[in-house]
Every structure is written in structure tokens, then in C-alpha cells.
Amino acid sequence: MTCLPARTDKKLGLAIDLDTCVGCNACVTACKGWNDQGYGAPLSDQEPYGAHPSGTFLNRVHSYQVAPDQGAAQVVSFPRSCLHCDNAPCVTVCPTGASYKRSEDGIVLVNEDICIGCGLCAWACPYGAREMDQAAGVMKKCTLCVDRIYNEALPEEDRVPACVRTCPTGARHFGDFADPGSKVSQLAARRGGYDLMPDMGTKPTNKYLPPRPKDRLDTAPLTPLLDIRATGFAGWLDRMLEKF
Amino acid sequence: MHPAPSVIVFTVLSGLGFGFLAFLGAAFVQPAGWTAFLLWGLGYALAVGGLLASTFHLGNPQRAWRAMSQWRTSWLSREGVMAIATLLMLAPVALSDWLGLGWSRLPGVIGAIMALVTVFTTSMIYAQLKTVPRWNHWVTPAMFLCFALAGGAILALPRWPALALVVVMGLALVLSWSIGDRRFAEVGQTMGKATGLDRIGKPSIFDPAHTAGNYLLHEMIHIVGRKHVARLRVLALIFAVVLPALALALLPGAVLPRAVAAVAYLIGAFAARWLFFAQAEHVVGLYYGKR
Ligand code: SF4
Ligand code: SF4
Ligand code: SF4
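Order-wise, the sequence lines are chains A and B. Quick note, the first sequence lines up with residues 1 to 244 if you use our numbering. Quick note, the second sequence lines up with residues 1001 to 1291 if you use our numbering.
Chain B on its own, in the form it takes in the complex (with noise of 0.2 Å):
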């Protein structure tokens, strides 16, 4: 699949936003006045900058509201609803840490349950694809959970709790690929089956169905990358996992660790999401005899 920059910037930065929102709404940090002020900020921004990147690879983003409409039967649509819902329940306890209004904390904890729903409703718009056999798994909401608790972890938990669900992100991250590699062949669709032709031999391509580029290839048969993935995966693994878990474990201070950290984290999940479109092969790729 075509890795636009959009979706990458869009499941990284809310999934990591959703995460944090999720501890601070918990009460794992309590922060009070201009930092509550500033955690929740980034809280906010990064979820809420993270939608509006998933609005740029839209045809007529004008009409974007409409997405809300379908949640009976899309998860497009629902994660819009829920990412929005926790928005709006999470806000009296933003406000309440801010101004120490001292309100109630209970729409804290179910806007912290709601995040992390938000954050499961993102990852099922890949999963339920039966057309993509690789994201068509539980690993993939169980490798986006990871990423936002890791995430929220880094910015809100102590160190070494941070530190536990990093491993445990990379975990998942490295199962999701040992998983994800062998899904294609699992699923079992081949060129004879997509076109029916395996009843009278075996298929190949003959002549291409058309000399130019189109949609379907430019969106899902996606074969530049793949060269990389090697080298990628070992990189993804040392910014997302290795280097966070370093900084959290041996750089003093509070503040330091996390920073360092939180950087070392975005550039690995970037290169991970990119990967995650990247490798992601579409059976109507069959079709063309690539992949």
C-alpha cells in the first residue's frame, strides 16, 4: 500500500496523543496550573494535529464532517465519533487540573478508557481489510495499542514503568512482523483464484492491461520500498525501542530522559507506520502479477 505521509503523521502522532490523554485522564500524573496547562496542551495537540493530518490525503476535505455519519457499520467512522467523544470528555478534567477547579475525576477515567477505544477503532480501519491479509490480524490493533501505551508511557509514568511497556511495544512491533510476513501465503489468494483461470492451468501475465500508472497501482501495489525493509526494521527498532529504553534507564533528571525518549520514539514509530503501508500487499495486486 501507498505509505502517504498523511496516515503515517496521523496514526503516529494520535496514537501517541490518544496515549498520554489516556494517563493523564487516569490521573497516573496529576499536574497542576501552567503545567497541567502544558501537558494537556500537548495531549490535545498531538491527537487533535493528528487528525487533521488524516485530513490531507482526502479528495474534499471540505466535506470531512460527513465521516462521523456511518459508525453503525464503518470504523472510519467510528474512530472520527469516539476520537471526538474522548476529546470532549476529557476537556472538564483538562480544565479542572489547569484552574484547580478541583472537579470531579471520574470523566477523566472513562475518557482515559475512551482513548485507548479510540485509539483500537483507528487500528481496526486497517484490520477488518480482509483485502490486506497483512493487516487483516489481531496483531494489528494489539502493535497500535502498544505504540500509544509506550508512547503515553515515555511522556506520564516514571521511568521504569515507561521503560517495561517500551519492551513490550517492541515485542508486539516484532511479532506483527513475524506474523505480518506470513500472512499473504496464509490467506491463499493466488492469480488463478482472483481470476478464476486456476480451473483450466496456471495463469501468468501476458500483456498488461494498461501501459500507464493508475490509482490502483500508484495506491496499493507499493514495490520501491521493499528493498529496505532490512535495514528499516533494525532502524525502527533502535529509535522506537532501544534508545528510549536507554535514555529512560540511564539519563538523569525528569525531564531529560523523557525528551530524549519522546524523540527517539517518534522517528521509530514513523519508520515502523511506514513500513506498516509500505509492506502491506493488496490481493488486487494479483491481477497485475505484483505485489
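Excised from the complex, chain A in its bound form (with noise of 0.2 Å):
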């Protein structure tokens, strides 16, 4: 059923740190790798190799220049998958109960067999972590890795999401929020974690960290050595030449 559940035990998901992330897409690359060739219809291509490719991706990094009132600009990279919302609009909707939150961990997922690919629920998503897939016709998201994350078969170091366990500078952290003492719910209370856009209702279990402030040099580096005032025989020489 489309109905969400009233709560759940866990609330599985992500911290991500904007102020950590460079932008290098290798969560993105992975997150394609792994979910290429387990959990459902792999994430097809079309046109790969020709003139207008394009695909079907769980995870995307947009990159934002951000202008404070004062001061220079920053570059800020901003990865985008599903935020695994606890009151998520994009199961309601679901005419065919593909849609579903589970009550144990909180994960949004797609019973790729009954999905019919209304695309009902990628319109409801107010944060575009939903894709068709072109080739199977089924409606693609973020599974949080369920097939990771629980898989004993892995060594415990790879029970984490593909793109958590890929991300060279530990931007992307996985964790049980429903835990205050859980490292992303400590992350998160420490380092001002945030929803987004909290107005449309959704509830979204991921965080975001916002970037540090920057420090701000009061002078130039190089201010001071103009001020240098020469001494002995270069003093003489200084005085000398100014002179001419």
C-alpha cells in the first residue's frame, strides 16, 4: 500500500558535507556501477556512444557559484539523490503501490514489477531524484544501497552505499538518524544540518552541511613589503637612485 507508515524504527540516509565535497562525480560513478548490475533493470544508456547520449543516473553533482553580500564568490559542489523523506509525496501519489517507504529503515523504494511508468511520482518529487528508465520503462531511484548495506556476503567496510564508500574526501556519510548518538545525527547537530526546500512538507531524512565560512584575509600577503624601508648601504643606494 501507498499509505506511508505512521513511523519507522530506523531513519537510514545521508549527511552530506558541502564543505568537503570537491565535485570529483566519483559517487556519481559509482553509485552507476554498482546499480548497473544489481538491484533492478540496470540503469540503461541511450546513445552512448552517439551524437546526443544520455542516461539514467540515482545521483547527480550540480555546481553553484555562491555570492556572499560581501566578498569574493565561492564554488560550491552540491550532489542531488533521493533524501529518503519520511512524509514522501512520491508514494502517496503512486496509483499501483510500486511506491513504497519501509517501515523497519525508512528507505523510499520502486517495486520495479508493478511499476507502470506513470512518472507520477518523479513529478511529486520536489528534488528530481527520480528517473524513468528509458529502455525498461520502470521508475528508477536511490535504494540507499539496500543491496549493500545488509549484504553479509560483503566485507563489513562495504556495508555502506556505494557512492558513501567511494567518496575520496568523506563527504558523503551513512548512518541511522532516528539515533541522536549516531555519527550523521551528531554530524548533523554539530555542523547546522538542513533540509531542503523544508516548506514543501516533504520531511527529508538526508542532511546537508553547510559549507564553513571561509577565512578572509584582512590585508594582502604581499601589503607588507612594500613597507620594507632599506637600511645601511641599501638605504644609501634606496635614497640614492630616488634621486634621479
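In short, the hints are calculated from the structure, not lab data. Everything numeric in this text was worked out from a predicted model, so none of it was measured. Hints should not be assumed to be uniformly reliable.
Straight line, CA to CA, 30 Å or less: simulated DSS-like cross-link-like pairs of lysine-lysine [claimed, not checked]: (1) A:Lys32 / A:Lys10; (2) A:Lys183 / B:Lys1193; (3) A:Lys203 / A:Lys32; (4) A:Lys203 / A:Lys183; (5) B:Lys1130 / B:Lys1202; (6) B:Lys1130 / B:Lys1290; (7) A:Lys183 / A:Lys10; (8) B:Lys1130 / A:Lys203; (9) A:Lys243 / A:Lys32; (10) B:Lys1290 / B:Lys1193; (11) A:Lys203 / A:Lys10; (12) B:Lys1202 / A:Lys10; (13) A:Lys32 / B:Lys1290; (14) B:Lys1193 / A:Lys214; (15) B:Lys1290 / A:Lys183; (16) A:Lys203 / B:Lys1290; (17) B:Lys1193 / A:Lys203; (18) B:Lys1193 / A:Lys10; (19) A:Lys214 / B:Lys1290; (20) A:Lys214 / A:Lys183; (21) B:Lys1193 / B:Lys1130; (22) B:Lys1290 / B:Lys1202; (23) A:Lys214 / B:Lys1130; (24) A:Lys10 / B:Lys1290.
Got two chains here, each in a separate frame; can you build the complex from them with the hints?
Here it is in C-alpha cells:
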């Protein structure tokens, strides 16, 4: 049923650190690589080697220039994947029951065997987290790598989402937001983790950690050099040269 | 939003069909014999044709029957259930009119109300979406219901009441445009809120997330047609409102004014519905700096 669970035992999700993300797109590639061959229909590409290549991705990295009121602008890389919302509108609009939110851990998934590919769930998601697979005609979305995180065939350190495991700067953190002592809850609390478009009422589980304020130099680094007063022979030379 | 022909045909034809069936069910016209067969047949053909058209945009149409199952939360599911239930409820009345069986008209009256509820559920598929501010307003169901009633009236009612409903529909259409044009700004979502980066400054696109197209850009960020908006709005008003009103007021006979008015209405309704989709802006466009 597409009714949302009244509560979920865990709230598994990601804390994404916009301060450390360098926009390398490793998570995009790792996500595509893992989900190409595991859970459900492989993420298809259309015309991959043609003139107009396109394809299905569950995670994309945007890049923004942010201009503060004063001072120089800064570049922020911004990964965007499903936020596993508590109040997920993509689930309730689904006419078939293909979209559902798990009561045990809060992960939002699509049952691809009954999805009719109507696209309404993608319309209902404010974050563009769902993409229709053009080859299979079913809706794809981030699974929070449900086939890794509980997978006892994998070594323990690999039982995290592919994007988290691969991130070279450690900008993506995986954990249980229902547990206030978990690493992700602590991080979110300490760093002011925030929700995207909170007015949409979706109550996202994933939290974004804002970029830390940049250090600002009071004076340009070479300014002191202009002020050096030469003494001795160099001072005499300086004074002599100024006369010409 | 991408103005897919299948959804435009679906909403226009099934809206007209259920509007017409409502008037037939409520006995505003009481045809008999083969006339009844033709008129009820037309109503059913429009309604069913529209529903079938809607399956053309599905990725897996062979599973369409599953869409009936989630009526507790999903307006799309409710629409499917209501549409089928309405068609079944009206069937005995249609049969009785055609074969002169003289059965009770009560299912017809109930079916007429159900037909209008069906149109309402169709409109709610769009009006429920907070992500598309233009649609997320009571004016969307009002506009859909007015189109269904006016279209049905052109086919079923005497000329003056039909003309009145066409004029009301025109007002609803203009109202939906003037409210709709303000909605995105009213809802107040910005790139800053979408990314949360308004905390540290004013964001703009530095580099696109991907240089190729994708489903999101194709489905939810439709920019091409907007330059034609003003012209299409005028065309929609001329065809959906002015021409049907003139035809109903001036043309002689019983069939001719209806036929001319109905054809003009359909052209106008297609134009208006194309605009309904093409002009609707989804908040996901904010991530791409496009609307
Ligand atoms: S981010 Fe979008 S797809 Fe994911 S749960 Fe929230 S509304 Fe649904
Ligand atoms: S595309 Fe599939 S998962 Fe999404 S609403 Fe339609 S049936 Fe449900
Ligand atoms: S959790 Fe898994 S499916 Fe989701 S974005 Fe990361 S790699 Fe992709």
C-alpha cells in the first residue's frame, strides 16, 4: 500500500557535507556502476556513443557559484540524490503500490515488477530524485544501496552505500538519523545540517551540512613588503636612486 | 512540464465524454432507440477513448490495471476507479434508453454525479502536486469541471443554457491563467531554498550537472513553447469560447450549431490543455537554473 508508515524504526539516510565535497563525481560513477548490475533493471543509457548521449542516474552533482553580500564568490559542489523523505509525496501519489517506504528503516523503494511507468512519482518529488528508465519503462531511484548495507556476503567495511564508500574526501556519511547518538545525527547537530525546500513538507531524512565560513585575509599577503625601509648600504643606494 | 499528446488527449476527451455522460445520465436529454445508441455511444467513446489514450504514455501499459489498487492515497488510482465505476453505473440507463426497457433512471442520476466526481479526480492528479505551483490551486479543478460541463452542454443542452456554460468556462480559463501566472512567485521557492545555499549567499549555476539531456529536463523543464503563449491563449479563447458561443447563438437548426460548436470547442480545449502543461513549471528546474 502507498500509505506511509506511521513511524519507522530507523531513519537510514545520508549526511552530505558541502564543505568537503570537491565535485569529483566519483559518487555518481560508483552509484551508476553498482546499480547497473544489482538491484532491478540496469540503469540504461541511450545513444551512449552517439551524438546525443543520455542515461539514467540516481545521483548527480551540481555546481553552484555562491555570492555572499561582501567578498568573493565561492564554488559549491552539490550532490543530489533521493532524501528518503519521512513524508514522501512520491509514495502516496503512486497508483499501483510500486512505490513504498519501508517501516523498518525508512528507505523509499520502487517495486519494479508492478511499476507501470506513469511518472507521477517523479512529478511529485521536488528534488528530481527519480528518473524513468527509458529502456525498461520503470521508475528508478536511489535505493540507499539496500543490497549492500545488509549484505553479509560483503566485507563489513563495504556494507555502506557505494557513493559513501567511494567518496575520496569523505563528504558522504551514512547512518541512522533516528538514533541521536549516531555519527550522522551528531554531525547534523554539530554542523547545522539542514533540509532542502522544507516548505514542501516532505520531511527529508538526508541532511546537508553547509559549507563552513571561509577565512578572510584582512590585507593582501604582499602588502607588508611595500613598507620595508632599507638601511645601511641598501638604504644609501635607495636614497641615491630616488634622486634621479 | 512536457506537454505529452497522450495526456492532453486524455484530459480533453475524457473530460468532454464524462461531461456529456453526466447530462445524459441526469436526463437533460432523453433519447430513444438508435438516437440513444448513437448519443450514449458517443459519450462512452469519448470517455473510454480518453482513458485509453492515457495509457500511451506509460512505460509498461500492459500493467495498467494495477493503477486501480491504491485509491486510499493516490488521486490517479481514484481517477481510474471512479471512471470505471461511473461507466458501469450508467450502463443500464444507456441500455434502457436504447432498447426502450423503461428501467429506473436512478442509476443515471447517481452516475451523473459520479461522472463529475471522475472529472474532479482527474483534475486532482495535477492540483495535488505541490511541486508544480501553477497546478496546485483550487482553480485547476474548477477549470477542469467547467470544461467538462461546457463541453457536455454543447452536445446535450438547449442552445442558451449551453451558451451560458461556455461563457462560464471562458471565465474559468482566464481566471486559471491569471492565478496560474502568479503561483510560482507566490510559493516562493528559489535556487537558494532548493539548495539551502541561501544561508551563505546568492547561488547561481557555475557549471551544469550534466551536459547531456535527461528525463528531468525532458519531462519537467519544458521551455520551448512559452514564447507562443500569448498567441495560443488568444487562439484557445477564440476556438473554445467565442466560436462555440457564436455558433450556438446564430446557426440555425438543431444539429449544425452543436456540431460546429463541438469541433471548435475541441480545438480550443486542445490548445488550452497544451498550455496547461507547457506553461507549468516544476520546482526541480531551480536546481538547473531553468524553469
Ligand atoms: S527525495 Fe523525492 S523520491 Fe526521494 S523520498 Fe523524497 S520525494 Fe521521494
Ligand atoms: S512510475 Fe511507477 S512507481 Fe512511479 S507512480 Fe507510476 S507506478 Fe508508481
Ligand atoms: S545510496 Fe546507493 S543508490 Fe543511493 S545515491 Fe548512493 S550509490 Fe546511488
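Hint check results:
Restraint check for lysine 32 of chain A and lysine 10 of chain A: the C-alpha separation of about 26 Å stays at or below 30 Å, so the hint holds. A C-alpha spacing of about 26 Å is found between lysine 183 of chain A and lysine 1193 of chain B, which places the hinted pair at or below 30 Å, so the restraint holds. In summary, the hint linking lysine 203 of chain A to lysine 32 of chain A is supported, as the alpha carbons are separated by about 26 Å, within the 30 Å threshold. Under the criterion of a C-alpha separation no larger than 30 Å, the hint pairing lysine 203 of chain A with lysine 183 of chain A is consistent with the structure, at around 20 Å.
Restraint check for lysine 1130 of chain B and lysine 1202 of chain B: satisfied, since their Cα atoms lie roughly 24 Å apart, inside the 30 Å limit. Among the hinted pairs, lysine 1130 of chain B with lysine 1290 of chain B is consistent with the structure: their alpha-carbon atoms are about 18 Å apart, no more than 30 Å. Taken as a hint, the lysine 183 of chain A and lysine 10 of chain A pair is honoured in the structure, with Cα atoms around 14 Å apart against an allowance of 30 Å. Simply put, lysine 1130 of chain B and lysine 203 of chain A have alpha-carbon atoms about 14 Å apart, close enough for the 30 Å limit, and the pair holds.
Note on lysine 243 of chain A and lysine 32 of chain A: the hinted pairing is violated, with a Cα-Cα distance of about 71 Å set against a maximum of 30 Å. Taken as a hint, the lysine 1290 of chain B and lysine 1193 of chain B pair is honoured in the structure, with Cα atoms around 15 Å apart against an allowance of 30 Å. Taking the CA atoms of lysine 203 of chain A and lysine 10 of chain A, the gap is near 15 Å; set against the 30 Å cutoff, the hint holds. A hinted pair counts as satisfied when its Cα atoms are at most 30 Å apart, and lysine 1202 of chain B with lysine 10 of chain A does not qualify at roughly 35 Å.
A distance of roughly 25 Å separates the Cα atoms of lysine 32 of chain A and lysine 1290 of chain B; the hinted pair therefore holds under the 30 Å criterion. Distance check on the hinted pair: lysine 1193 of chain B and lysine 214 of chain A sit about 21 Å apart at the alpha-carbon level, within 30 Å; holds. As the CA atoms of lysine 1290 of chain B and lysine 183 of chain A are separated by approximately 36 Å, the hinted pair breaks the 30 Å bound. Our distance criterion of 30 Å between C-alpha atoms is met by lysine 203 of chain A and lysine 1290 of chain B, whose separation comes to about 25 Å.
With a CA separation close to 14 Å, the supplied pair lysine 1193 of chain B and lysine 203 of chain A stays within the 30 Å bound. A hinted pair counts as satisfied when its Cα atoms are at most 30 Å apart, and lysine 1193 of chain B with lysine 10 of chain A qualifies at roughly 27 Å. A hinted pair counts as satisfied when its Cα atoms are at most 30 Å apart, and lysine 214 of chain A with lysine 1290 of chain B qualifies at roughly 29 Å. Proposed proximity of lysine 214 of chain A and lysine 183 of chain A is supported: the alpha carbons are some 25 Å apart, at most 30 Å.
Straight-line distance between C-alpha atoms of lysine 1193 of chain B and lysine 1130 of chain B comes to about 15 Å, which keeps the hinted pair within the 30 Å bound. Only pairs whose Cα atoms come within 30 Å are accepted, and lysine 1290 of chain B paired with lysine 1202 of chain B is accepted, the gap being roughly 16 Å. Using a Cα cut-off of 30 Å, the hinted pair lysine 214 of chain A and lysine 1130 of chain B is violated, with the two alpha carbons roughly 35 Å apart. Among the hinted pairs, lysine 10 of chain A with lysine 1290 of chain B is inconsistent with the structure: their alpha-carbon atoms are about 36 Å apart, more than 30 Å.
Checked against the numbered hints given earlier, this structure breaks hints 9, 12, 15, 23, 24; the rest are met.
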